[in-house]
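Participant: Just so you know, the sequences run in chain order A and B. In the numbering used here, each number is its position in the first sequence, counted from 1, plus 86. In the numbering used here, each number is its position in the second sequence, counted from 1, plus 86.
Bear in mind the hints are in silico, worked out from the structure with no lab data behind them. A portion of the hints provided could be inaccurate.
Put simply, identical chains are the same to the list, so a pair is met inside one copy or across any two.
Stated by the list, open to error - For lysine-lysine, the following DSS-like pairs were computed, each having C-alpha atoms within a straight-line distance of at most 30 Å:
no.: 1; residue 1: Lys-178; residue 2: Lys-478
no.: 2; residue 1: Lys-112; residue 2: Lys-356
no.: 3; residue 1: Lys-205; residue 2: Lys-112
no.: 4; residue 1: Lys-523; residue 2: Lys-205
no.: 5; residue 1: Lys-384; residue 2: Lys-312
no.: 6; residue 1: Lys-449; residue 2: Lys-312
no.: 7; residue 1: Lys-177; residue 2: Lys-205
no.: 8; residue 1: Lys-384; residue 2: Lys-178
no.: 9; residue 1: Lys-411; residue 2: Lys-177
no.: 10; residue 1: Lys-112; residue 2: Lys-178
no.: 11; residue 1: Lys-411; residue 2: Lys-112
2 protein chains.
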Amino acid sequence: MDPVELATSCAMPPVLSKSAVAEHPKTLRSAHLKTDTYGVAAVAPYQAMPVAGPVITHHKSSALPVVEPHPELTEEEREARIAEIIGNYMKKLSERTHLHMGYPYNLEFDYGLLEGLTKFSINNLGDPFIESNYGVHSREFEVGVLNWFARLWEIDEEEYWGYITTCGTEGNLHGIYVGRENFPDGVLYASAESHYSVFKAARMYRMQAEKIPTLESGEINYDDLKAALIANRGKPAVLNLNIGTTVKGAVDDVDRVLAVLKETGYTEDKFFIHCDGALFGMMMPFLSRDAPMVTFRKPIGSVSVSGHKFVGAPVPCGVVITRFKYVMALSSDVEYLNSRDATIMGSRNGHAPIYLWYTLTRKGYEGMRRDVERCMRNAHVLKQMLESAGVKTMLNELSNTVVFERPREEAFVRKWQLACEGDIAHVIVMPNITVEKLEDFVADYVQSRARVSIAAAKRVASEAKAAEEDA
Amino acid sequence: MDPVELATSCAMPPVLSKSAVAEHPKTLRSAHLKTDTYGVAAVAPYQAMPVAGPVITHHKSSALPVVEPHPELTEEEREARIAEIIGNYMKKLSERTHLHMGYPYNLEFDYGLLEGLTKFSINNLGDPFIESNYGVHSREFEVGVLNWFARLWEIDEEEYWGYITTCGTEGNLHGIYVGRENFPDGVLYASAESHYSVFKAARMYRMQAEKIPTLESGEINYDDLKAALIANRGKPAVLNLNIGTTVKGAVDDVDRVLAVLKETGYTEDKFFIHCDGALFGMMMPFLSRDAPMVTFRKPIGSVSVSGHKFVGAPVPCGVVITRFKYVMALSSDVEYLNSRDATIMGSRNGHAPIYLWYTLTRKGYEGMRRDVERCMRNAHVLKQMLESAGVKTMLNELSNTVVFERPREEAFVRKWQLACEGDIAHVIVMPNITVEKLEDFVADYVQSRARVSIAAAKRVASEAKAAEEDA
């Protein structure tokens, strides 16, 4: 029996009767799904799309119902059915992992030694530096990893505070929150190509936000930033700088921004800079020192990166590091609130720190550097391959994100799991992307383009033939 | 070589020199750790403590440094050393898991069949109902689980929206955010015994918040709530109700609160109720129908529960369900923001939904009910054992949280990993807590009390002897 049938045929106990619906005017989810733009289905590359809009009928998730025990099935048959579902799912995961190209996730890792850890409910609830009474935690790994990042970004172990987050968004939510709590009337500045979590933070935190236009590269437009800073003079500035934008991998130049702040009269007690380093913040320290470095030697307030991106991990995670003096603002006493913990989340995944510790320890600084170099090299290989095949590309100097024309075949986009925005798509050349894989991809892309071109030409021909017949 | 030595002896490359510290006045983390109250070390039970305060020297986390490759060690020796660290850590996890009593986590689960899943980077980034292009996701399991909860809380599949969160805090942050976006000038009402994330949300979201006193049981004081609602008449109400408070397991009565809202003239278009069901919200549906049920048949706005609590999972997670019509407010267009996704986090753990799906499927509705019954029964067994041994206890009728006098021996508190607040401690009788374990615990507790009493008596005696000698 199919699991869907199975679940449908065995209704849950009486509490769950179908008539059990509140008597409000109905607002149906499936009638409000997504907008459709650009001719192809608008699947948001990073899902920052409205939940409401005209109906579409594809890209809706399927559901695997929770399968209740059923009189028709023995316990063994049921267990076998569950094992089959999981087995099929794992096969799908293998295939999807093999073909993936579009998201900045390093899918190559070997955590075999750590497999037994899923027997334990590991939880680092609260502050990483102070143990709670819950003993099943991994703070020793977490603090080890945080110290590693503190050294990477050049801040004394005693002067930083930070934690391992659930994802890049939590790092940005935390950085901007710390900025706001230190500058309660601060205006948030961020480029229009910032990750969507940045403007989500502004909305959540009720901050005035200035969305600054970008240069062609995707970098923040320094002149526009300057004008906005001048216009809001009198209010402190909370700035989000992108160390690699989501779509084009563009790096905002910290030094130029610091110069703009100086020119416009913002002294260090009047601004807070959060660096969103999602992917590239983890790569830049390993490049030659000509790059505009992110370091706490400069007057920045916080840096965050993702852990499942460049390092690679089964679970999404990230790291945020700030100055301890700034995080103290979160513990100021607000009489009617009295909420004074310093992380965004409460319970915190205790497996993530162990994954990060394990990879950093096994690869070491040198291993990380080699991975970065190979990615940068292979990004150029992809760019050259595409250009030699006649495809226009863009690759920022400080980036492994190769941008090119959005493929017109939706099936191709889905097959290679490309993130698209407007009329562009990108491949992010991560450590698991080999030259062989890039070769396959380019051949497939060129064939997809050829199919689209032939179809377009055929349409013209058939229109001409129809016109001929009519004439 | 010890890993700490090892890491210290192999400095990272030049970028990481020790002098690399920004020249600001120093604020040292270890000089500002925690407050010390109640005579024993104040380890926050759920870590909702200020990060700043007088120095304490214990409960500071240790750090396992990331171990760089080292010329003195061969690759094999290094791998062996890493395996030894992980092996020792797993032993510690086993011991700590065995002795745990204080937190509402079900530590008994068997996800052996799912172990291979940690080979994959599973990520449900964005909305659960609309697939992103990233193919390595588990939305089919997520939507299956969400549908199960929708049936549990009696809302039509087409009328709800929800997602699987990282933890209980994210559920509360989401519920209250949805409340605020539907009622931008809404005042937040919650009892003083609410989880700390509730008032954290008020601070993050810049909402006016009213902290309502509680009854002795830990329930919200309905008279005080009424007075506060009257005082703020004219502004909509966003209410957080506790379906089991963190410390005493007290359940706010949804029906009484609805009656209070009616009496004070708040119509359904003037309030939003979020139910924080962390632990007990997952248990209450399985009790007899005399309990004041949480259901979307009543005019509530959202419900959240944790997944790692009653269900049990290796990673913290949770579920939040709201009405689709309410979540649409998150997608309204705000010109300078343009952030319109509906989850708090961006990347989302894709393993968590599979754990939940697997347990719910294997246990089925009946299995869950049996677990709830056993926990309720064993909570009463613990209460009776403690009382028969002369220990005063408290156990709310709708609760598996047994509250008693805080043990004076800190080592005892740490051994059994009890969550304490002020002068009380509690044991939460989860499915993994057997009667045998409770027996061990009570015997140990009574012995601990005896040691403390004897020591106190001895102090009196020695003071008397000293006075005698002086006389």
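Participant: Just pull the numbers of the violated hints for me, sorted ascending.
Facilitator: 1, 3, 6, 8, 9 and 10
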